[in-house]
Amino acid sequence: MDLTLNDEQEALRTATADWCRDHMPLEGARSRPAGLWGDLETMGWTGMTAPGLDLDHATEAVVFSELGRVLAPIGLISTAAAHRWFADSIDGKVALALPADEPRDMRVLDPGGANVALMWTAGGLRLFDMPNDRTHAPTIDPSTDQSRQEWTASVGTKDAAAPLHLQLLAAAYAVGCADAARDMAADYAKLRHQFDRPIGWFQALKHICSDMAVRAAVARSQLHYAACSLDARDTDAAFHIAAAKRLGDQAALDNGRANIQVHGGIGMTDEAAPHLCLKRAHLLQFIAPADAALLLEDAA
Amino acid sequence: MDIGFSVEETRFREECRDWLHANVPAEKRPLDAADAIGFDKAWQRRLFDAGWAGINWPADYGGRGLSIVQQVIWLEEYAKAHAPWIGANFVGINHGGPTLILNASEEQKAYHLPRILKGEAIWCQGFSEPGAGSDLAGIKTRGRIEGDELVVNGSKIWTSFAHVADWQELVLRTEEGSQRHAGLSWAICDMHAPGITVRPIRKMSGQTEFAEVFYDDVRIPLSNVVGGLGNGWKVAMSTLSFERGTGFIAEQVKAGQEIAELVTTARANGMIKDDRIADQLSQMRAEVAALRAMTYRNISEVVRTGQPGPEASVIRLFTAELGQRLERMAVLLIGEDLIDFAYGDDNAVQDYLRGFASTIAGGTAQIQRDIIGERLLGLPKSR
Ligand SMILES: Cc1cc2nc3c(=O)[nH]c(=O)nc-3n(C[C@H](O)[C@H](O)[C@H](O)COP(=O)(O)OP(=O)(O)OC[C@H]3O[C@@H](n4cnc5c(N)ncnc54)[C@H](O)[C@@H]3O)c2cc1C
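These protein sequences, in sequence, are chains D and H.
This note's numbering runs 1449 ahead of the 1-based position in the first sequence.
This note's numbering runs 80 ahead of the 1-based position in the second sequence.
These are computed hints drawn from the structure, not numbers from a lab.
On a predicted model such as this, the values are computed, not experimentally measured, just so you know.
A couple of the hints might just be wrong.
Dumping the calculated DSSO-like pairs for lysine-lysine here, alpha-carbon to alpha-carbon at most 30 Å [to be verified]: (1) H:Lys-198 x H:Lys-160; (2) D:Lys-1639 x H:Lys-314; (3) H:Lys-220 x H:Lys-314; (4) H:Lys-160 x H:Lys-283; (5) H:Lys-461 x D:Lys-1639; (6) H:Lys-220 x H:Lys-461.
With the rest of the complex left out, here is chain H (with noise of 0.2 Å):
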């Protein structure tokens, strides 16, 4: 065990950290994910253009193939020097992408890496149904196989970016009849295709950044299939496992920055004088300590066995649940500003409105906890 950074690492780290203080943009990224997509578009090529896009992922398809410890001090760095969060290219980068790399043909790839890579192409995740949410294996929109292609039929919800993406990940259902996990499949939807119809919804924090998608005898070729007709369950899976896995690492480190900031504004507001703030607050500084060590840890499993260790479950789950105290504490201390909140502000607020999501989306904090009560305890199934 060390916790030191080899020569090349260091240097590394310096060279990330000019780049960002010379390019990161003055201006703040638009809340909503119509007025953001231009900007994270060109925030992504340009990002391309100097070699930080895909930084860990294969040379081959635009990345630059160095190692996962280079691309966490990569993050570590973009969140010292405020970056913008990618936005739109959130699904294509942490985990359509990674699933590709995985699972995908060399067409497949050849065609779709690059183009993720240089923000010229906005994925979304068509997983969620209005009948399927935790239960993801109750999924019902189907493809019936005519000729090479699929015709698909039903609807999804909560897709994120769905009005600006170009592309799905769909997970569908092409064996007529089937159940549960059997008979599913995972295929790259053309976003732009006829038959499909997006209606984006609001969310409580005022921005309009998910919606309800509609396909109606949407026709997909069967060659955009990954992973093979009926194994969409696990393709899905492995797509969980990097939503849930190193999808987070950006938002791990982020935390350290954040505590860092509340500390100093609960010190600048003198609100630290309330034993309680500050014993929350120092509890809190620990924990993002741990959460550091236990994504370096992770990181560490990953550069050894090629994957993740069975506490990514963990991670994901205390993640989560720690960034939403750390929302919490923000707007305690932002104290009576908070009656003023209002639509469109991009504040302690609004971060805390749309921190709701990180203990339901990508799976909520009770199948979360599930998973681990079953996969690292062993406990029996619930289900």
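Next comes chain D alone, as it looks inside the complex (with noise of 0.2 Å):
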């Protein structure tokens, strides 16, 4: 039993969060560069745990959260997810597409430049086609477009550990989201001044920031454990991947309302980061949800 970063996982983990920093920030969440979809495949990220490269998901869920951290795009998890149970049909970007009843029609993110969209229901993961003349909409997350369609042919799977492995993936983008409100919060506090002194020095601020480094670090915690259960094939992964889900959404949100509050005015304005983490939050409530029934569930 061992629950912190190996070596390779901490070096990989600092090279992620160094790529990202020059490459990906935060703050270009609204408007990537063109070329940044070939820049996340050479660096391995669409496919961590595909055949061929077959890294853990203790590692892959350690560098997702780096990558959610930094708002980076959703059909990353989409693609990853993908590449590790379609290796054979898939060639380049997936987008995600989510749970809907047929003949409803399907909503998906993150449509550009992808051919087919991934699907998750609890109970397994299904790769659609997309057509190609479709419109592209955007989202209540400014880093986040959608598109409509309908049903088409699709392939599936039903190992159980494939939507599992999907849920991972965005519960470590909900903890990575988490974790930037919080670190935005705490340097805004330092670096904000009134009545002469940093406001951060004022408990009723302070205490803000240490809820949120609590909640963050119980959800990262608890993604660890999960990420390492799925890695084992544990009966019990399903549950501590839902429970991962649930607090990594819930961090996400509360951070996310609590940075905004941290900030005042400017943490309102459209211009200012705060509201990207907010809205992010919002829109990974619906990526793979956690079944609150299943964790009432008498195992685990």
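Fit the two chains together into the complex; they arrive one by one in their own frames, and the hints show the way.
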């Protein structure tokens, strides 16, 4: 038993964070450069657990929480999962379809540059062709577009680990998002002065930040445990990943809100970054959400 | 990262389970400290004789010299087996002993550690004073140096188990005119020494478990000072790091047991059909899982670096507040039976009332939030 990062994981984490800082900063989330996707493929993040690379989920979760921290494209989640489970049938970017009941239109997130979309349901993953003549519309999250489409031919996997994998990656994004809001708030609380001192001196603000740190640390611990349980193919893996998703989502949302309060007026502007975290958090709630009933089940 | 246990650890877990299964006392631990002291001592002695005391303490002083992971395994099985709270042995086992292991002289360790492990010596913690609670550096109890002795005058308050204790972790001012963190010392005080008066205090939950302690020219040999005269603040901080760090593992582990029981109760009485209750329970189920993950992470950190990570303060606060949420839920689930609560009842209401301590004792939730903000996030110090 060891829940600390090993040297390789720590090195990958740092390398990811460094690259993101230089090439994919959070502040640029709403207008990523055109060639970005190619870079993400080169970095290997589109298929870390795919045949060939075969890294473990623990390492992948560590890297994905760094990517989530800069609000990296949502399509990375679906693409990484698709490369693990449908390696033979895909090439390039895979968009993320939200669960829908046939024949209701499905909503596809981050469709730009993708030919197929991956739909998550608790029971499995399915891959759908995407029409060429489609329009892209914005979502609440300024970093993410969407399209609508009818049901098309699909291939699927019923491997129980497949939906867990995607849920784990979404949880990692949420944990990263919670981290980002915490750090943004703490940085601002040190920088901004009122009453002749940094606002972080005031306990009313300091304690808001401390609670953000607690939520992020709690969610992060569960994320790492959950990733290990998937690697071990534990019978409890579904429970632990659901717990990680629930805590991650909540931390992202609560921290997103708190971050705006810490920033005061500027936190409400379109120009400043806090709303990007909040809106990403709202979007993540709909991606592979945790099943409350599962959390109450007996095992685990 | 991995969450598997080694073959040796798994075998160790089985040994723990088997022994506990055969040996956990059928009778409940009495609630009041004065009634429980015999029980606590006897149980600790049994643990010691069977090799379960001081699992990760050095073998030279009566411990087993095993790993902290094995200590955690023991505590997990301990909670599952519904073994009794270690009660009056809490201070000695959880932070007194560990403080001595880290800071004390060979003689001090050789004398005290085996006695703590055998349940022969009960310890209490004399930190808080009427004027020094959250602001611990405001300590006024003073020790005048006379020859090779300290002559102590002053008072302490909220000292758990003082009325049944043999020894005390006493933090006092040994340098006249010193201020705040300077001039303090951490001394081993004999609770049976002349000049000590203990006035027990009753809690709102009914039992008499802590006390006020008065010192009137109490003589303590200078050889009882731990970590050197004037270094009391540093030693006290190591005590608190154990109290707030590894000292809480037992509670963290117990939470897993408690949430499982709450879900069972809510199913049995049908209250789980209330969506709000179901939602809170599922939330706490996730939180309890995360608490275990955090505990494991912190333990891994100890194994790797020799000390708990900076997140220990986060775990401490989260454990305390989650514990209280669990206790509140338990009280909600018993419904109207709450009205019948009487002093002496050992039930969910008792636990709920006692549980208010977890965000007060050992540093309040507010102080913990200051620590997290300042040490983990680097925000400016408020005080
Ligand atoms: C059950 C129990 C057992 C205990 N056992 C022991 C023991 O064995 N040995 C021992 O030495 N002590 C013991 N204590 C004492 C405990 O450590 C103190 O109660 C605690 O440190 C708080 O001090 P206080 O009670 O004086 O409260 P105060 O410090 O007066 O605090 C009152 C309120 O003000 C808040 N507050 C104070 N300062 C600040 C600040 N700077 N910023 C924001 N809020 C602040 C506190 O959070 C609290 O809500 C025990 C306490 C309890 C409840």
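*Against the structure shown, which of the earlier numbered hints fail to hold, in ascending order?*
none
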